[in-house]
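Could you slot chain B onto chain A? The hints should help.
Residues per chain, in single letters:
Number of protein chains: 2
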Amino acid sequence: MCVNPGMAVIIGNELLLMESVGHNVLMGFKVKRVLYQAKSPYQYIMVAEIEDFGKALVLDGLIQSSERTEYIYHESLVHPAMVLHPNPRRVLILGGGEGATLREVLKHKTVEKAVMVDIDEMVVEAAKKYLQEWHQGAFDDPRSEVVIEDGMKYVEECLKRGEKFDVIIMDLTDPYGPEVSKGLYSREFFSKLSSILSDDGVLVTQAGNSFFYRDVYDMVLENIRSVFKHVEEYMVWVPEFGYANNFILASKVHDPRSLKAEDVNARLQERGVKTKLFNGEYYEALIKMPIIRG
Amino acid sequence: MCVNPGMAVIIGNELLLMESVGHNVLMGFKVKRVLYQAKSPYQYIMVAEIEDFGKALVLDGLIQSSERTEYIYHESLVHPAMVLHPNPRRVLILGGGEGATLREVLKHKTVEKAVMVDIDEMVVEAAKKYLQEWHQGAFDDPRSEVVIEDGMKYVEECLKRGEKFDVIIMDLTDPYGPEVSKGLYSREFFSKLSSILSDDGVLVTQAGNSFFYRDVYDMVLENIRSVFKHVEEYMVWVPEFGYANNFILASKVHDPRSLKAEDVNARLQERGVKTKLFNGEYYEALIKMPIIRG
Numbered sequence: 001m002c003v004n005p006g007m008a009v010i011i012g013n014e015l016l017l018m019e020s021v022g023h024n025v026l027m028g029f030k031v032k033r034v035l036y037q038a039k040s041p042y043q044y045i046m047v048a049e050i051e052d053f054g055k056a057l058v059l060d061g062l063i064q065s066s067e068r069t070e071y072i073y074h075e076s077l078v079h080p081a082m083v084l085h086p087n088p089r090r091v092l093i094l095g096g097g098e099g100a101t102l103r104e105v106l107k108h109k110t111v112e113k114a115v116m117v118d119i120d121e122m123v124v125e126a127a128k129k130y131l132q133e134w135h136q137g138a139f140d141d142p143r144s145e146v147v148i149e150d151g152m153k154y155v156e157e158c159l160k161r162g163e164k165f166d167v168i169i170m171d172l173t174d175p176y177g178p179e180v181s182k183g184l185y186s187r188e189f190f191s192k193l194s195s196i197l198s199d200d201g202v203l204v205t206q207a208g209n210s211f212f213y214r215d216v217y218d219m220v221l222e223n224i225r226s227v228f229k230h231v232e233e234y235m236v237w238v239p240e241f242g243y244a245n246n247f248i249l250a251s252k253v254h255d256p257r258s259l260k261a262e263d264v265n266a267r268l269q270e271r272g273v274k275t276k277l278f279n280g281e282y283y284e285a286l287i288k289m290p291i292i293r294g
Numbered sequence: 001m002c003v004n005p006g007m008a009v010i011i012g013n014e015l016l017l018m019e020s021v022g023h024n025v026l027m028g029f030k031v032k033r034v035l036y037q038a039k040s041p042y043q044y045i046m047v048a049e050i051e052d053f054g055k056a057l058v059l060d061g062l063i064q065s066s067e068r069t070e071y072i073y074h075e076s077l078v079h080p081a082m083v084l085h086p087n088p089r090r091v092l093i094l095g096g097g098e099g100a101t102l103r104e105v106l107k108h109k110t111v112e113k114a115v116m117v118d119i120d121e122m123v124v125e126a127a128k129k130y131l132q133e134w135h136q137g138a139f140d141d142p143r144s145e146v147v148i149e150d151g152m153k154y155v156e157e158c159l160k161r162g163e164k165f166d167v168i169i170m171d172l173t174d175p176y177g178p179e180v181s182k183g184l185y186s187r188e189f190f191s192k193l194s195s196i197l198s199d200d201g202v203l204v205t206q207a208g209n210s211f212f213y214r215d216v217y218d219m220v221l222e223n224i225r226s227v228f229k230h231v232e233e234y235m236v237w238v239p240e241f242g243y244a245n246n247f248i249l250a251s252k253v254h255d256p257r258s259l260k261a262e263d264v265n266a267r268l269q270e271r272g273v274k275t276k277l278f279n280g281e282y283y284e285a286l287i288k289m290p291i292i293r294g
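Protein chains in written order, with the UniProt record's numbering: chain A, 1 to 294; chain B, 1 to 294.
So here's chain A without its partners, still in its complex pose (with noise of 0.2 Å):
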């Protein structure tokens, strides 16, 4: 596209930031003020108030998520996967530096320990002093660890101690983003993942979007179903994306389409969740919902 990622630009009154939602699309929002940018040694890292949306956490000059609307991805990334296990006490997350995601996963009373593994210490330091409506506490809740490293280390260390998962959830730079994001959607690493996962463990992955960028979420997929015998794609309209976003659910042992909205009610009353969206009948839809890839 003509216009780099996360180029600001002035327009008579307005400031406008420019980001990508596909090859040749653009999408612009109104920044009301940038409270916060830095180059970290992986991405450019900006805080800013959007029109609209609240605050925003902007890397590399893509939204990742607003203070209004973090909710709809956060809730539909973690939730799916959280119930389909049936007793998820581990769980690692890797990314998710925003501390959103931990948020999620620590309202099942199940868990007794969630790792999250972030490259970026500067993204998680900004999350901590700018972005507290996402963690609301997560980061000081006993069962939580935050560990500074790439994922990928992480995992491999995770083989050689034998640690093991219930959940794994990937809230990672889209597959089509800098060059360093392919690994974690390859088939050697889903299988890496697959073997650290308890037998009948569960992973999700956000997984961009399949209608703009097709063939890479068309590879993540096929990447996945080699490693799991269970795979379940849904999508979810994400306001600050500009699209749809897709997930891919995936687990050894829990078939999806087995689980019913009643099922998913009673795991989150026995848990004790409360969420803004997400319940058992938003989990049907999802899961029945067709993806639009064309």
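Honestly, I wouldn't trust all of these hints.
For identical chains, the list gives no copy identity; a pair is met inside one copy or between any two copies.
Stated by the list, open to error - Taking lysine to any residue pairs in the SDA-like style, the calculated list, with each CA pair at most 25 Å apart, reads:
{"#": "1", "residue 1": "Lys-39", "residue 2": "Gln-132"}
{"#": "2", "residue 1": "Lys-192", "residue 2": "His-23"}
{"#": "3", "residue 1": "Lys-276", "residue 2": "Arg-257"}
{"#": "4", "residue 1": "Lys-274", "residue 2": "Glu-262"}
{"#": "5", "residue 1": "Lys-32", "residue 2": "Arg-293"}
Quick caveat, the hints were computed from the structure, so don't treat them as lab data.
Okay, now just chain B, sitting in the frame of chain A:
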């Protein structure tokens, strides 16, 4: 917003069509070439080839539908209402100048007459000439009648003549669009529409977006609720809109929630309806998926 809707912006070597997605959000689509441009008495009309989307109809600077993706909007608009009625024979379409709504209606073998009323002859003529992929012969179907007239006036005439319809489909400008469209979403007009519906008739309207234009959307919903007993909202991501579009389905007799996936599939099969996206499972997902308001 600081950019006029429909403004074309040239950045580098690229021609971008900039459109409003909300009061404070813009979207830019890469234009390959402009096939047709004109000003009718009602609006600016453009047919352009858009990168990733194929041909697109643009009215007053807003993409109405694109070659590659129009099926998502049109199938989602038409079929829930059509399947909710057990035997839709007479159908009224308000707006829908591209002819794709008419095409989807005519797929139901039960239909004996489909009247499409569009105010803007120039849109219909542009569609006939440039958007063959949309109407696919629907205008020439002996069951079709195309009336160039103000929809409100046409409805008055139906009232006088005592003419009734089984299904009414409103495929009009957004309720927050031009001033003239406001009356089309008023309580008074919904009440008149109800009077020209058969007793067990079904109405559906596209309703813009409940996130970016929540106040107007809620007013439309309230107006419909004041007239119909059963009212159901649903929401579908439409790539060329940059958001999920809302729809409202209503009937005095038929409860949308009482119709199950298997009933929908049975009706589609009986009526010989073939679709790309819509089926019983999709219908259930639409009904179950909550609307995003904020």
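Hint-by-hint comparison with the structure:
no., hint, in the structure
1, Lys-39 with Gln-132, "within (21 Å within a copy, 50 Å between copies)"
2, Lys-192 with His-23, "neither (31 Å within a copy, 46 Å between copies)"
3, Lys-276 with Arg-257, "both (23 Å within a copy, 22 Å between copies)"
4, Lys-274 with Glu-262, "within (16 Å within a copy, 32 Å between copies)"
5, Lys-32 with Arg-293, "between (35 Å within a copy, 22 Å between copies)"
Consistency with the previously given hints fails for number 2 only.
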